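Protein chains in written order, with the working numbering: chain A, 19 to 166; chain B, 19 to 166; chain C, 19 to 166; chain D, 19 to 166.
Since the hints were made in silico from the structure, they are not lab data. All figures in this text were calculated on a predicted structure; none of them were measured in a lab. Take these hints with a grain of salt, some might be off.
A pair counts as met if it fits within one copy or between any two copies, since identical chains are not told apart.
[Claimed, not checked] With a cut-off of at most 20 Å between alpha-carbon atoms, the simulated SDA-like pairs for lysine to any residue come out as follows: (1) Lys115 x Glu140; (2) Lys115 x Glu56; (3) Lys115 x Arg33; (4) Lys132 x Ala148; (5) Lys115 x Lys132; (6) Lys132 x Asp143; (7) Lys132 x Ser158; (8) Lys132 x Leu26; (9) Lys132 x Val50; (10) Lys132 x Val104; (11) Lys132 x Pro161; (12) Lys115 x Asp53; (13) Lys115 x Asp36; (14) Lys115 x Thr58; (15) Lys115 x Thr23; (16) Lys132 x Ile159; (17) Lys132 x Pro160; (18) Lys132 x Pro28; (19) Lys115 x Ile159; (20) Lys132 x Gly98; (21) Lys115 x Gly146; (22) Lys115 x Glu30; (23) Lys132 x Thr103; (24) Lys115 x Thr103; (25) Lys132 x Val97; (26) Lys115 x Thr62; (27) Lys132 x Asp29; (28) Lys132 x Asp37.
There are 4 protein chains.
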Amino acid sequence: MPPPTPVLTPDEINRYLDDVFPELNATRRAYVVTDVGEGTAVVTCAAGPESLRPGGTVSGPTLMTLADIAAWVVILAHVGRSALTVTTHLSIDFLRKPEPGLLFGRARLMKLGKRLAVSSVEIGDADGRAPYAIASATYSIPPPLERG
Amino acid sequence: MPPPTPVLTPDEINRYLDDVFPELNATRRAYVVTDVGEGTAVVTCAAGPESLRPGGTVSGPTLMTLADIAAWVVILAHVGRSALTVTTHLSIDFLRKPEPGLLFGRARLMKLGKRLAVSSVEIGDADGRAPYAIASATYSIPPPLERG
Amino acid sequence: MPPPTPVLTPDEINRYLDDVFPELNATRRAYVVTDVGEGTAVVTCAAGPESLRPGGTVSGPTLMTLADIAAWVVILAHVGRSALTVTTHLSIDFLRKPEPGLLFGRARLMKLGKRLAVSSVEIGDADGRAPYAIASATYSIPPPLERG
Amino acid sequence: MPPPTPVLTPDEINRYLDDVFPELNATRRAYVVTDVGEGTAVVTCAAGPESLRPGGTVSGPTLMTLADIAAWVVILAHVGRSALTVTTHLSIDFLRKPEPGLLFGRARLMKLGKRLAVSSVEIGDADGRAPYAIASATYSIPPPLERG
């Protein structure tokens with residue numbers, strides 16, 4: 019498998035996210051695609067107060083949402099706009115309590131088939147050495163006829 | 019294994035959720051524990067507009083959050099207040115697009131050990147026949163000394 | 019969703035397993051479909067000595083194999099012979115050490131779509147009250163043209 | 019987190035596997051630890067005929083078993099002999115049909131806590147570029163008192 023080549027830039031994906039999920043960032047302005055490469059994407063998340071748990075840690079759902087978005091963005095970056103792509107499965111292991119600060123979701127495209135795509139994600143801080151969580155997610159890609 | 023007996027009522031759990039996660043319901047007033055039984059719990063979620071995706075479907079993160087909360091509530095209901103209980107793993111399969119309306123997260127306690135608890139959750143509508151998603155989640159139970 | 023109706027009997031499935039996976043049971047004669055119902059199937063496994071771990075417990079891979087077979091059989095029972103159906107994902111939680119004796123894998127069909135099917139499985143003993151493991155598995159169903 | 023240092027060599031682990039799981043390799047002589055590094059381990063598997071499926075592909079359970087063994091070996095290599103370490107969860111995504119030949123399970127230690135350890139595994143061929151499967155697994159580490 020030669021490394022897949024992205025077809026969208028981070029800016030294009032950020033604009034697309036604003037169009038498709040206006041509520042996501044209107045209320046929180048939190049998830050930003052910062053990098054796209056061959057088979058990779060990085061999404062950051064500035065966890066706001068509604069994401070915190072007792073003790074100041076970031077909530078599990080915040081990490082799951084970042085994992086889902088990063089996993090989806092790396093597919094979007096390589097297949098192009100296809101809003102109907104649907105998550106069919108997500109599995110996440112929570113490894114360490116996140117430190118306060120910007121969260122980085124680093125996604126890798128593990129498979130890009132005609133019908134299914136699979137990504138894996140590591141969520142960590144800026145240097146990425148001891149991840150807070152690891153996840154994998156599967157997406158169903160609609161057949162061309164249904165994509166109109 | 020005799021069926022485990024709950025030690026908290028839905029009202030007690032709802033008050034506890036308000037205390038521990040004030041942001042969760044201050045901004046959304048969405049997750050309500052409606053029933054607790056022997057090894058079971060039901061949490062409902064009135065998905066607000068920020069939960070919707072194009073086409074009016076409910077977002078994956080909304081379903082994941084409900085799964086995590088319901089899975090956690092069924093443990094809480096049986097071990098008592100223990101805010102430090104930490105999710106270590108969650109796996110979710112998305113089966114069908116949710117219909118608009120109240121979501122029901124029906125959780126079953128599958129294991130309640132000294133160190134780990136595992137719950138499974140079905141997310142569906144009021145009648146629960148064709149679930150929108152199924153999930154399992156694992157929680158680490160802190161040792162008594164650390165619980166203070 | 020009305021309950022799906024099986025199209026194969028346990029005997030037909032057992033014969034099909036012998037045809038398709040001769041090695042599986044030639045060497046071990048272990049996995050037997052004992053029941054098929056509306057959206058359900060039961061597969062038993064007589065764990066042989068090669069399945070045991072120190073202390074006499076049954077190995078994780080034995081439980082995973084039973085989970086995969088039961089999850090696949092419940093789909094096969096409802097879609098008919100389709101040897102190309104491929105596992106795309108399996109997630110399993112190990113809850114308790116199995117007691118020596120026959121293992122029962124009880125599978126439920128959670129979704130039967132045109133392209134994907136999802137089953138969940140509980141592995142336990144004859145009475146099934148305290149499961150040894152719970153699993154979910156996803157299968158890709160080939161398009162009719164490829165099934166030729 | 020500084021990179022963890024292994025405390026056992028591949029030879030020591032292979033001998034330990036033979037002692038603890040005599041059946042595993044007596045019948046198949048298949049799983050060999052070939053490399054151990056800081057937070058990493060490699061286990062190879064020569065899939066025999068009993069691992070094959072129609073069309074000559076390697077069975078899902080063979081890949082799951084390799085994933086479980088590689089995930090367990092990387093923990094064993096870093097915590098030392100501790101036969102009671104128990105798998106609590108395993109999640110695997112099947113990405114591509116394996117080619118005939120030696121399978122490589124490349125495991126990374128993602129977390130090594132006092133009570134839980136988590137590894138991730140990629141299963142592929144010798145060059146490892148397009149993995150056949152990715153997995154994560156969680157293990158419960160018994161408290162020192164129970165280890166005798």
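Hints, verified against the model:
1. Lys115 x Glu140: Answer is within: at 14 Å inside a copy they meet the 20 Å cutoff, but 25 Å across does not.
2. Lys115 x Glu56: Neither: 30 Å inside a chain and 23 Å across chains, both beyond 20 Å.
3. Lys115 x Arg33: Neither. Shortest intra-copy (31 Å) and inter-copy (25 Å) distances fail the 20 Å Cα cut-off.
4. Lys132 x Ala148: Between copies only: 16 Å across, 34 Å inside.
5. Lys115 x Lys132: between (37 Å within a copy, 15 Å between copies)
6. Lys132 x Asp143: neither (33 Å within a copy, 23 Å between copies)
7. Lys132 x Ser158: both (9 Å within a copy, 12 Å between copies)
8. Lys132 x Leu26: This pair counts as within: shortest intra-copy Cα distance 19 Å, inter-copy 30 Å.
9. Lys132 x Val50: neither (27 Å within a copy, 35 Å between copies)
10. Lys132 x Val104: For Lys132 and Val104, both the intra-copy (14 Å) and inter-copy (15 Å) Cα distances are at most 20 Å.
11. Lys132 x Pro161: both (8 Å within a copy, 12 Å between copies)
12. Lys115 x Asp53: neither (25 Å within a copy, 31 Å between copies)
13. Lys115 x Asp36: neither (29 Å within a copy, 22 Å between copies)
14. Lys115 x Thr58: Answer is neither; intra-copy 25 Å and inter-copy 23 Å both fail.
15. Lys115 x Thr23: Answer is neither: 34 Å inside a copy and 23 Å across each miss the 20 Å cutoff.
16. Lys132 x Ile159: Both. Shortest intra-copy (7 Å) and inter-copy (13 Å) distances satisfy the 20 Å Cα cut-off.
17. Lys132 x Pro160: Intra 9 Å, inter 12 Å, cutoff 20 Å: intra and inter.
18. Lys132 x Pro28: Neither. Shortest intra-copy (24 Å) and inter-copy (34 Å) distances fail the 20 Å Cα cut-off.
19. Lys115 x Ile159: between (33 Å within a copy, 15 Å between copies)
20. Lys132 x Gly98: within (14 Å within a copy, 24 Å between copies)
21. Lys115 x Gly146: within (14 Å within a copy, 31 Å between copies)
22. Lys115 x Glu30: Result: close neither inside a copy nor across copies, 32 Å intra and 27 Å inter.
23. Lys132 x Thr103: both (12 Å within a copy, 16 Å between copies)
24. Lys115 x Thr103: For Lys115 and Thr103, only the inter-copy Cα distance (12 Å) is at most 20 Å; the intra-copy one is 31 Å.
25. Lys132 x Val97: Result: close within a single copy only, 10 Å intra versus 22 Å inter.
26. Lys115 x Thr62: within (17 Å within a copy, 27 Å between copies)
27. Lys132 x Asp29: neither (26 Å within a copy, 35 Å between copies)
28. Lys132 x Asp37: Answer is neither: 26 Å inside a copy and 30 Å across each miss the 20 Å cutoff.
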